[in-house]
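Student: Chains as they are written, first to last, in the numbering used here: chain A, 313 to 931; chain B, 313 to 931.
Treat the hints with care, since some could be wrong.
Pairs involving identical chains hold if they fit within one copy or between any two copies, as the list cannot separate such chains.
Calculated cross-link-like contacts (lysine-lysine; reagent style DSS-like; alpha-carbon spacing at most 25 Å) [to be verified]:
hint, residue 1, residue 2
1, 643, 870
2, 536, 643
3, 911, 777
4, 820, 643
5, 383, 320
6, 911, 649
7, 771, 631
8, 649, 592
9, 788, 820
These aren't lab readings, by the way, just hints derived from the structure by calculation.
Number of protein chains: 2
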Amino acid sequence: MANPVVDKRDVKFVLYEQLDIEQLSNTAKYAEYSKEMYDMVLEQAWKLAENEMEPANSKGDRDGCVWEDGKVRVPESYHRPYQMYREGGWLPISEDVEAGGQGFPVVMGLSAIEAFGAANLALFLYPGLTHGAARLLEVYGTEEQQRNFMDKLYSGEWCGTMCLTEPQAGSDVGASLTKAVPNEDGTFSISGTKIFISCGEHDLTENIVHMVLGRIEGAPPGTKGLSLFIIPKLRPENGQLVDNDVNCGGIEHKMGIHGSSTCTLNFGENNNCTGYLLGKENQGMRIMFQMMNESRLFIGMQGQSHASAAYLYALRYAKERTQGPDISRIKDPTAPKVAIINHPDVRRMLMFMKSVTEGLRALLYYVGFCEDMVRSSTSDEEKEKYQDFIDILIPVCKAYGSDMGFRVCETAIQVLGGYGYCQEHPVEQFLRDCKIASIYEGTNGIQALDLVGRKLVIKRGQLFKRLIGETEDFLKWARKNFELRELVATFEAAREQMIQVTKYFGLKGMTADYVVPLLYATPYLELFGDVAIGFMLLWQALIAHRRLQEIYVDAGAKDGESQKEVLATNRSAAFYRGKVASAEFFITNVLSLSRGKAKAIMSGQRAAVDIPEESFALS
Amino acid sequence: MANPVVDKRDVKFVLYEQLDIEQLSNTAKYAEYSKEMYDMVLEQAWKLAENEMEPANSKGDRDGCVWEDGKVRVPESYHRPYQMYREGGWLPISEDVEAGGQGFPVVMGLSAIEAFGAANLALFLYPGLTHGAARLLEVYGTEEQQRNFMDKLYSGEWCGTMCLTEPQAGSDVGASLTKAVPNEDGTFSISGTKIFISCGEHDLTENIVHMVLGRIEGAPPGTKGLSLFIIPKLRPENGQLVDNDVNCGGIEHKMGIHGSSTCTLNFGENNNCTGYLLGKENQGMRIMFQMMNESRLFIGMQGQSHASAAYLYALRYAKERTQGPDISRIKDPTAPKVAIINHPDVRRMLMFMKSVTEGLRALLYYVGFCEDMVRSSTSDEEKEKYQDFIDILIPVCKAYGSDMGFRVCETAIQVLGGYGYCQEHPVEQFLRDCKIASIYEGTNGIQALDLVGRKLVIKRGQLFKRLIGETEDFLKWARKNFELRELVATFEAAREQMIQVTKYFGLKGMTADYVVPLLYATPYLELFGDVAIGFMLLWQALIAHRRLQEIYVDAGAKDGESQKEVLATNRSAAFYRGKVASAEFFITNVLSLSRGKAKAIMSGQRAAVDIPEESFALS
């Protein structure tokens, strides 16, 4: 039996009951699509993920990538699922039909991505990065560039990469030394070295198209002088593909994602590397920035994918593994053993994993849904509103998603105990694979700075105000639920703390104390993430609570005992009860800390920056 | 240059300035020992750790253990440092001279353990476990058993293990199926299988002595029917060592500690395995329990060791790696790059690591010091007091130490960014090696149950009351410091929250709601750990603050500017300033959450246990 990848019922709950994506069919853009088609996509994605991608995951981790004579071989087990993925037309699932895509809503594409990432993240990185490269070409490429490169990328015949990092230029992208010298024919001769390039060289496809940041001779220093170049491994010349002097100098030996090659790429070692300018000169960072939302949402989803797979695996294990008696018979050595899911501490761990996984899923899908609203709405005002939601939520999705995904993987190991630490179970791999998500596509520290230093500030704080307005509308509705009033109140209080801290940052930012928001950017993002997840879970709980009451009424179950009977026999009822429980657990255990977190931030305590460097350690 | 293992100045600060271990020389037991001798021990331990053990760490991780034909080879690089460790007489450093030891205080042994674990945990596990086995023999063995086994263990000529776990008996030790049949000569014929046995088979030493839990035929079920047996790999017979039918059926492939063999051991497959009863029949668990404090403190120290090594490595990296301009020139592309330690978010991470590492170190050493007080005091009352401190703090040391050690390792990876994810730097190994500490020697969930279900309850709550009394005495002194009054107040408030939750558990424990303390045992342990670390850091800050003031007075530095000059030139002043900063950081950022943590626990919210199993996930 393959390992489970996603909670299918919950995926459908988010899509149909929470976000109600069927409403998209009312727009011209998505008029042709229906729930039946969505269901079919989901079934196909899950089948591919479970039957083809997941079985290659653990073996791919053990085999890893092999670098030999400048070439990289991916794990043998990857080739078949990659071909099936490609033939299924999954890569451009949410792309416009005119660009060769299937035209499905972005949120549908995301739900497929969740399953693929949960099944085999290292494998899925190859097409995942390819999509980003293709999308750059779709938006900024000339017709010739699209014909030469984009079509082959969207079809998965070739793969693509993003090349930003250099040895001296990590978070500081502007320090790039990659050089571009104009040729007479409008192309550029490229020279430079890029490191940490995911999927930079491999044998899954014949050709690889690199999107490379570099500086045209004479361009200004820093990010403002960077341009973006299309640099294929093999370049088209007179209808042939010829070697383009892109050489892989080695691959990294990493903690995880062993099946994904992480390459050092040398461009133009033999002065024969041609690059094609994408967009305009010195616009490289601006172009990259516009694609960043997509790639950062993708990385947040990586955290979610690992959380999903880790939670479901630990859950199954906890139902099967027996150990110790029920707590009511703890002192009786003759008591039968029970499955460990019956032990309170194990349940606590599972509830943590469940609530975080469900909350993150909702948040990420919500952002995907916002993108669909941007794409399909006919109102500029509405478009801007949803774009604002996306822009402010993206750093939270990326950083909070990867950090919390890691926590869930860590908890899964703990549920499995000693077995969780061993490679015969997949959870230790999930943890190792997941860690990279907090680092690449901008470290989580960079995300926090993006949130505090940019997203809170641009448009005079409009993004934040809009989001708060949206939750205010939500609260008007939520306050009507009498039975969940305590949850609503705890959420309200946490939201208020977040507002206070945001105002505090606003004040500090205008004074000489501007270092304080920078120092507390990461704790702020965490608080923001808590509230965002609390919002999603409360929203879900309100829906689920109503459905549950309807089921009780239909069954004539008025008291606790008869309701318990319903829960025991009605799977929908059990599911909705679980949704309410997720909100109860998360809001009580996590949002109760919001006040303290806000207090810590607003202490403005500067010990970390005020002490001399020598105070850190003398040895 | 070897990687740094511990902050030497801070180790000495804890030993001499905080715990003032020189006072031990006033006792008869430690009258012969002096600061000069302690310093010598520290220097020797650090030299061995840095020059011999650490250089074998990364290679040992890559090579791992090899199992072939039932035999295990440890990494080749381990043999030399092991021999040097053994020849240095480190194993029985804190053992009585009469038992072949060096008679040093336990806290001195601990400080050496920290360095060895930080240098090479997987290697250090071999003698670490040997020590536990030897100690069991010292306390419970007959003269013959001591002669046959203990001496060879303390000298490191042979290694020792602890064998508890079986496939069906993990946390549920009492489910053991290992069988012992009495022989006529008083020995037992053993049959059974143990799994996850650390250092169960290897080629570091000629012989291995296993301490094995099993059930004598006809003994009662559960833990009450378990006895402890000495089962050597080679048994002494007529002056010879003969094969004792202990076979290694395989080793685990683990996430970390690759150099430490984790074995399946089959006893008596050929009906030729002899075991020697240690202590009395059916007293196996009781004996093991008495040794548990030592082994759990050792595992807590593992978390600390990794935290120490990870912090110091990340600190060095942050001082050397340049990236981006100073924040004051963030928008100037021509501004020079600065070391990343100048970036506020990096400083925040370093301060987190620093404060946790220093607080944990103090807590663990404090428990070691308590053990010295138990061993050296002539007052039964005082002995009991310190034993109570040890008993209640041990589960916190083990679980909080390993959990926070893991957090520090995780943060170190984040400081290094992409480099932290790659094997050329040691921090990803620290994370992998560290994870096991939350699992073995009783999972951290088991530790929390030990704290809540046992340590809070025994002696009518005397252990907790005593600890609170001790902190009350401390507070009387602490409240006199006017300048640190806010820190003192925040600590007091957190301590009060811990008291309230403890009382709440007491009430719940007496009602049908007894499941609530079990459900919240882990969050309670976390709160307890926060307060314990806060206590240690505040204690240190009060000492450091006084010293710093003395230095300022001596230098005639009365205002902020002149004090800054002192900090820049006087290393002691910088160190003391750093100590105060650790308390400021931890107390503000972590103890501010105590109220929320307490509130969450005292909500008594039971979502995790109340929902039906089906509510967790349907797929």
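Student: List in ascending order the numbers of the hints, as given earlier, that are violated by the structure.
Tutor: Hints 1, 5, 6, 7, 8 and 9 are the ones this structure does not satisfy, whereas the remaining hints hold.
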